[in-house]
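A.B. asks: Assemble chain B onto chain A, guided by the hints.
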Amino acid sequence: MKAEENRLHAYLDGELDAAASLEFEAQMAENPALRAACERQRELSAAIRGKADYHPAPIRLYRVEQPASKSFKFISAFALVALVAFGLGTLLTFRAAEDPLAREVVASHVRATLGGRLIDVASSDQHTVKPWLSARLPFSPPVTDLSQDGFELAGARLDYAAGQPVAVLVYKRRQHVVDVFVWPAAGESEISASARDGFNVARFARGGMRYWVVSDLNRNELDDFARLLAARR
Amino acid sequence: MPHLDAAFNLARWLTRNDHDAEDVVQEALLRAYRFFDGLRGAPRPWLLAIVRNACFSWLQANRPAELHAVDGMEQESDAPGPEALAARDVDRRRLNEAIAALPVQFREVLVLRELEDLTYKDIARIAEIPIGTVMSRLSRARRQLAEALRIIAAPPRLRVHK
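Heads up: the sequence lines are chains A and B, in that order.
So for the first sequence, my numbering puts the first residue at 1; every next one is plus one.
So for the second sequence, my numbering puts the first residue at 234; every next one is plus one.
Misleading hints may appear alongside valid ones.
With a straight-line Cα cutoff of 25 Å, these simulated SDA-like cross-link-like pairs (lysine to any residue) come out [said to hold, decoys possible]: (1) Lys-51(A) <-> Glu-349(B); (2) Lys-51(A) <-> Asp-238(B); (3) Lys-51(A) <-> Ala-298(B); (4) Lys-51(A) <-> Glu-30(A).
So, partial list: chain A residues that the calculated Cβ filter (under 10 Å) puts toward chain B [stated by the list, open to error]: (5) Lys-2; (6) Arg-7; (7) Lys-130.
Which residues of chain B face chain A? A few of them, derived with a C-beta cut under 10 Å, are [said to hold, decoys possible]: (8) Arg-296; (9) Ala-320; (10) Leu-348; (11) Tyr-353.
The hints are simulated quantities; they were obtained by calculation from the structure and are not laboratory data.
Everything numeric in this text was worked out from a predicted model, so none of it was measured.
No residue lacks a Cβ here, since even glycine has one placed at the ideal position from N, Cα and C.
So that you can see chain A by itself, here it is in the shape it has in the complex (with noise of 0.2 Å):
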């Protein structure tokens, strides 16, 4: 008893490889007390993300600063004076270096829509496919439902890109696949769009992740989709 409590809740939580999700959910055909009590789960944690408060840090703590020492001023000085030159050495580095990621992410895109090897996990629940993600991945990337606004999430695949694995969701719209290639990454950049070999690109990094959106979709809807992302975030 107990310990089908705890199946079903880690089936809910896609914590049940692929063997026993298939054969849990086999016994939810059979059993449709379980089914009903899988949908009253579902709906309590739906109702507590949506519901609960979620408390966020009062500004004060992120003034919060790294203990400073005695030459702590000292210091500064000369670390402003390396920052300025390391900011304008990677500025310059970074304009170098997006070219060949732009590239990168559209070839990842071709290979696999010409391979058919678009979707690792299919799913269109948030919580189905950002677990399995985070199980295969040194992170957790935030994975945003958008349905509502038109653009169904399909699944996900992994991937390599900028020299480190990466997670790809494949959102559809219409015909056209939506690939959103993300890996952690410091630093926070305002959309920047591009054209790449007839597809479009779209590329922006917060919280902590870096976005590269690559479709054969349109301009417009393929820059409201990264707004609605980057505002998501």
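C.D. replies: Frame of chain A; chain B shown alone:
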């Protein structure tokens, strides 16, 4: 500091008031800085583990009664599931009160799972318990919550007898 909100949210749910949560997080941040050169690159579970420990130390010092063990002392409740619960109709305030009323060990796994969307593995690391315990605490937390909400949600019938 990308995970500061997550840190504060956890502390706020564990201490149940703004002022103490702020103190605890501030202390945890200073501790975190000692290990990490700035928090920008610090992974969320790592920071949350530090915050969680700070919260439990604080509870130990200030409200030890809240820390009594919850595992193993389960009354086998074979009561039927909360049939009356239509979770989507649950009032926001009641839901928050019911979560706040859960034992702290249940509250923490629930908050980490539902509000931070962490995996069992990360929750196990943060709460320093085995994954199996995460699973059973989570299922008991949700059951208690469902039962509590049902009780609160159906007061008219109870009131008749008073």
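A.B. asks: Honestly, which of those hints from before does the structure not fit?
C.D. replies: 3, 4 and 8
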